[in-house]
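**Q** Since the structure of chain S is provided, determine the placement of chain Z on it from the hints.
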Amino acid sequence: MIKSWTTVVAAVLGFGVATSAFASTELTVYTAMENEQLAGYEKAFEAKNPDIQIKWVRDSTGIITAKLLAEKSNPRADVIWGLYASSVALLGKEGMLEGYAPKDVEKVDPRFRDKQVPPLWVGNGVEATAVCVNTVEAKKQNLPIPTSWEDLTKPVYQGKIVMPNPASSGTGYSAVNAWLQIMGEQKAWDFMDKLHANIGQYTHSGSKPCTQAAMGEYPIGISLDFRAITLKRQGAPLDIVLPTEGLGLDINAVALIKGSHNLEAAKKLEDFAVSEQAFLLYQPNAAALARPEFNSKLAEMPSAYYDRLITVDFDKAGSERAGVLEKWRARYDGKSEPKK
Amino acid sequence: MTSMRFPQSPRMQPQPKTNSSIAARLDLLFTSGVKLVMVIFLAVGLALPLIAMLSKVTDVQNGIAGVWQMLSSSRFLWLLSNSIKVSLSTVAIVIPAAYIFAYALQRSWIPGKTLLRSISLLPLMAPSMLSAIALIYLFGNQGLLKSWFPDGIYGFSGIVLGQAFYNFPMALMILISALGLADARLYDASVSMGANHWKTFLNVTWPSTRYAVFAASCLVFTQTVTNFGIPVVIGGDYQVLAMEAYKSVVGQQKFSEGALIGSILLVPALVSFAVDAWMRGLRGGQVSSQAAAYVAPANPVRDSILLLAAGTVALALLSLVVVAVGASLINFWPYDLSLSLRHYDFENSGDIGWLAYRNSLLLASMTAVIGTPVIFTCAYLMEKTRSGWLDNLLRLLCMLPMAVPGLVMGLGYVFFFNHPDNPLNGMYGGIALMIVCCMMRFLTPAQMTATTALRQLNEEIEYASLSLKVPLISTYRRVTLPICLPALLEVFRYLFVSSMTSVSALIFLYSPDTVLAAVAVLNLDDAGNIGAAAALSSLILLTSALVSLALYVLTHGLLRHTQHWRTGHA
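Here the protein sequences come in this chain order: S and Z.
Note that our numbering gives residue 1400 to position 188 of the first sequence, counting from 1, and the numbers run on in steps of one.
Note that our numbering gives residue 28 to position 24 of the second sequence, counting from 1, and the numbers run on in steps of one.
Please keep in mind that the hints were generated in silico from the structure rather than gathered at the bench.
We treat Cβ as the ideally placed atom computed from N, Cα and C, and that holds for glycine.
Errors might be hidden in some of the hints.
Pairwise CB distance ranges, derived in the manner of DEER restraints [claimed, not checked]:
1) ASP1525(S) <-> GLN65(Z): 16 to 26 Å
2) GLY1252(S) <-> SER76(Z): 50 to 60 Å
3) ARG1543(S) <-> LEU84(Z): 19 to 29 Å
4) ARG346(Z) <-> ILE1522(S): 36 to 46 Å
This is chain S alone, in the form it adopts within the complex (with noise of 0.2 Å):
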C-alpha cells in the first residue's frame, strides 16, 4: 500500500519533467487569441520549424497580461503572439520585451507596430471598436440602427446600451482613448455624460457586450469587432455598425520576451508571425491585417472599415490611462452610488 503511494507521488512530481523530454526545443506561447485559431497556426509554424514546438498558455487578456506581469522576476514566456497591443505597450515600459526586426517589418503599416527601432512588438490582426447591434431586439423594441458615435446618446436609446468598464477592461479604455481622440477632451466628456444616461450596465469583460447583444439582453453592445464576427458566424442575429467619426483599434501583436532561454527559436516565431503564410492565416479571422496587401473583405463585415480606423498611439494611451480613468470612474462607475 505504502509502495504503491510512492509511485503515484513519483509520477505526479515527475509529471511536468517526463512530457518535456521528447521536442528539442519547445516554446512557451502566451496568448489571448482564441482556441479555435491555435491549432491551425500551430500546425503551419511547425510544419514550417520541425525541431520547434509551441505550447500555448491561452487565457483572456486580462488573465494573461497579468500573469505576464506577476513572472516578470522570472519569466517563463518565450514569445507573445496574439496580445492586445495596449498591454504589449506596458510590458514594454516594464523593460519585458526584447526588441526584434522580422523578415518583412518593412511591409507592416507603421502605424500597426511599436515605433522603435528594432520594434519591440509588430502587429498581425486589427480590430476596432465597434457596435453590435441586435436586428430582432431592434424591430422588436422600435430602435433605428445607428450610424454614429453621436447617435447612441439619443434618448431612445435609454437602458439599452452596454458597454466595458474601462476600469476593468483593456477594450472599455480602448473605446474612450479614441473618443478622447476623435471628439477632442471637451466634446469627448460631453458626449460620454449623454451616453451614461443610455448605458444599461458596465461589464467587466471587453467581448462581453457584443455577446450580450448576441443574446438580446441588451440590443446594443460597444465592443470589439471580431467577436460580433465569431457571433455572426454561430447564427447570431447581429449586424455591426462601424460609426462614421472614426473607430478606436487594438492590434494583435508579437512580441519577444527578454531573458528567453530559447531567443533564437522565438525570433524564428516572430518570422512566422510576421509572413505571408501567416498573414494569410489570419484573413479570416481580421477584418483588417496589419500588412495591408492581405486586406480581403470579410462577408460578416460592412465596407469602408479600414478607412475608418484611427492611428493609436499606444505608448501614449498607456501613460494617460490611469488620469483618464480616475476622471471616468469619479462621473460613471457605479450607477447605483450615491450623489455626494
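**A** Same frame as chain S, but now just chain Z:
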C-alpha cells in the same frame, strides 16, 4: 447537556511518565510532530505566498497617506457597505435553509433522503459559471421567468442568489455533521420532563449545534465577501469590494491595490478566529462515550413540514441545474430554440481535448486522496490535544484560506513559487503545486466539517486510551476514524468536486501540460460561446456526480459496518 467534563483536558501537559514512556513519546511525536509539519506546510503553501502578494501593498502610490486616502474615500466605504449587505443577506438565506435541510435529513423520517442529499450537492459539482448562466436564462432580460425580478436580475439580487446557490452545500456539510451525532439520553430526559418538541429543540438540539451554526455563518459570510466570480458575471453595476480587487488586478494590472483590498478582506477571518477562540470556552453538548444514539421518533406533522421545506430548497437548486443543462442543448438562445448537440462538439469550439479533462480528474483525485487524511488528522490533533502556541497558530492558519480571494492567492503563488531564489520554483507550472493550492483553497470548509464531527466526541475516549497506555495514534486510527467515517467521506467528496470546478487561483498556475477543464469553461464563456460553456460545465457536473455515486456505492457497506453502533444499542 451535562455530559461528564474534565476540568482539564487529559493531554494538557504531555508529561512522559516512566511507566509509559514509549507510548508518551510516541504521542508527543504524533501530536507535536504532525502539528509542526502542518504548520510548515501551511506556511509554505499559504502564509508565504500570501505575504508575497500582500507585501505589494507597499507599492501603493504615496505610501501610507495613499493607503489612508483610499480607505477613507466615499467610494471605498460604499463598496464596503455593499459587500457587507450582500454577505449578510446570503448568510440570512443560506443558514436557515441549510439548517432546516440538515435537520430534515438527520432528524426525521421523511422519504427520499438520499435523493435530497444528492441534489443538495449539485451546486458544488458545477463550475460557478453554470449558476450564472442559469440565472441569466431564467431571470435575465430574455429570461423565462423575467417577471419575477421586474428591476432585472443584474445587481444585488443576482449576486445574492448566485452566492446562496454556491454556498448552500458548504453550510449544509457542516450542519449535517453537527446534527449527525446526538445523545438519546438527553432527548429521553427532555421528553420525560414533559418538554414539547420546540422546548427540546431549544434546550438540547440548539446548544449542541450552535457552534456549527456559528462556524457555517462565518464561512458563508467570508466566502461571499471574497468571491468575485459571481459579481463579475451577474453583478451589473452593483459593485462589491472583491470585484474592485479583480478590476485592479485584471483590468488595470495594479497589483498594489489588489493587495490592499486582499488585506482588508482578511479581517472577517481574523474576527471569526477570535470569536471561535471565545466560543471554544462555551462548548457544550458533547456525545459522551456512554451515549445512546438518538433516533428521532416518527412525527407525521413535523415530517410533512420538513419534507415540504427541504423539497422546496431541493427543487430550487435542481431547477438552476436543469436550466443550465437545458441551455447546453439549445441551438442558439433565445432565437433558435431547437435542440442540438452541437455545443458538445468541443473540437469545433476550441480544442479542449482530453488532456484538460484528464488533468482535472488527476488534480481532483490527488487533492482528495492526499487532502482528506492530512486535513482530518490536523483537525483531530487541534481538537483533542494541546500543544500551546502551536494550536493557536494552526487554528489561525486554517481560518485564513476562506478569507483569501482566489485571485490574490493565485498571484501570491506566482510571486512566491516563481521567484528565481525559491528552491521550490521547479514546482511552478506542475500539477503538484496545483494540488497544494487546491488543498489550501478548500481547507477551511473541510477542516470545519471535520472539527464539527470531532467536537461532538467526548474526550473520554482519549482519556481511556491514555490510562490504558495505548498510543494516541492507535486510538485515532482504531476508534476515532471509524466513528467519523461519514464526515471523512464528506470531506473527501467535497475536496474532489471542488477541485474539479476550481478556477480562480489555478488560472494563474496552469502550464501547457496542466490545462484544466474548468478553466476551459471560463474561456468558452469569454469567447461568447455560452452553449459550449454550459455543455462543458454539464460534463464536469456529470463526472463529479458519477464519482460521488461510485464513492457512495463503494463505501455503503463500510458505512453500515462502522456506523452500526449508532442505531444498535450500545
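**Q** Next, verify each hint and record whether it holds.
**A** Do the hints match the structure? See the list:
| no. | hint | in the structure |
| --- | --- | --- |
| 1 | ASP1525(S) <-> GLN65(Z): 16 to 26 Å | holds (24 Å) |
| 2 | GLY1252(S) <-> SER76(Z): 50 to 60 Å | holds (53 Å) |
| 3 | ARG1543(S) <-> LEU84(Z): 19 to 29 Å | holds (21 Å) |
| 4 | ARG346(Z) <-> ILE1522(S): 36 to 46 Å | holds (38 Å) |
When the structure is compared with the earlier hints, no violation turns up for any of them.
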